[in-house]
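Kindly produce the complete structure, drawing on both the sequences and the hints.
So the chains spell out like this:
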Amino acid sequence: MATKSYAGVNVEVNDEGYMTDSSQWTKEIATEIAKQEGVELTEKHFEVLDYIRDKVAGGATLTIRGINKSGVVDAKSFYKMFPGAPLKKSTKIAGVSKPESCI
Amino acid sequence: MENNEKVTLKKVMIICSKGSIEDVYAALVMGNGAVMEGIETKLFFTFFGLDAITKKQMNKLHTATVGNPAMRMPGNLTFPTWLGVLPGVEAGVSMMMRNQMEKLDIPNVEEFLELIVAGGGEIYACKLAADMFGLKMEDFYDDVKAIITVGDLYAMCDGAGTQIIFT
Chain S
1036 MATKSYAGVN VEVNDEGYMT DSSQWTKEIA TEIAKQEGVE LTEKHFEVLD
1086 YIRDKVAGGA TLTIRGINKS GVVDAKSFYK MFPGAPLKKS TKIAGVSKPE
1136 SCI
Chain B
19 MENNEKVTLK KVMIICSKGS IEDVYAALVM GNGAVMEGIE TKLFFTFFGL
69 DAITKKQMNK LHTATVGNPA MRMPGNLTFP TWLGVLPGVE AGVSMMMRNQ
119 MEKLDIPNVE EFLELIVAGG GEIYACKLAA DMFGLKMEDF YDDVKAIITV
169 GDLYAMCDGA GTQIIFT
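Taken in order, these protein sequences are the chains called S and B. Quick note: the first sequence, position 10, residue 1045 per this note's numbering, numbers continuous. Quick note: the second sequence, position 34, residue 52 per this note's numbering, numbers continuous.
Because the hints were derived from the structure by calculation, they are not lab data. All the given hints hold, so there is nothing to weed out.
Here are some chain S residues pointing at chain B (derived, C-beta under 10 Å):
#: 1; residue: Arg1100
#: 2; residue: Ala1110
#: 3; residue: Tyr1114
#: 4; residue: Ala1120
#: 5; residue: Lys1123
Simulated DEER-style distance windows between Cβ atoms:
#: 6; chain 1: S; residue 1: Pro1118; chain 2: B; residue 2: Ala44; range: 22 to 32 Å
#: 7; chain 1: B; residue 1: Glu128; chain 2: S; residue 2: Gly1106; range: 15 to 25 Å
#: 8; chain 1: S; residue 1: Gly1106; chain 2: B; residue 2: Asn126; range: 14 to 24 Å
#: 9; chain 1: B; residue 1: Gly177; chain 2: S; residue 2: Lys1079; range: 26 to 36 Å
#: 10; chain 1: S; residue 1: Ala1092; chain 2: B; residue 2: Val47; range: 20 to 30 Å
Remember, predicted model here, so these are calculated numbers, not experimental data. All C-beta atoms, glycine included, are put in the ideal place defined by N, C-alpha and C.
As structure tokens, then:
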């Protein structure tokens, strides 16, 4: 467990840099984590992040299929918005834990 | 001298040569998983694996109820081989398997391919097997990129950090 400073706030993160206390999350923190991950956040990104935070808060497991069906964004745009490993990147930016999912 | 340098996996070529539900899904899960990790992914379907990308067959794959020692009834009861021979049993078992997967939010074959392609994965059919089964580009799922030879496949395997996975 470590502490990192984003947007002037000290947040708890795990070894992989995922926030361990989702309630500390703010849009400013998201913007800074995103910058580290090489992503420039737009309004659309925040819509997706809100969806992810809602889902995780509700105890759901995130999958690419679920994102594709969310009505917020389709899989293709999701891959474009968070290039590389989108599920890992978006959850990190959304301040939730890394998804435990194979699909 | 010992070389301890680790090379990160950058590209995978996944080869699927069988057409049963479990063989095809092994390839699809590995492929989709690689795409999700940002690994360049190419799936190559050959022989009976072509069923997975043939429009007419892709969403009604079966699992073998004969010659499958791991096959069991619900409740972990044994599944005698003679039962698997009866008409309709294989279809019924396969349907149960597909329903169970749907419950676990596992996409069907077509949707799985769609997700792989959405993430930049590429899907190919084997020329030799396509010729053998008399299949053409129009028989295949729309997102199949090309029918290629084994030589074409190997030519795509360039670069350090490339692995070929045969399911």
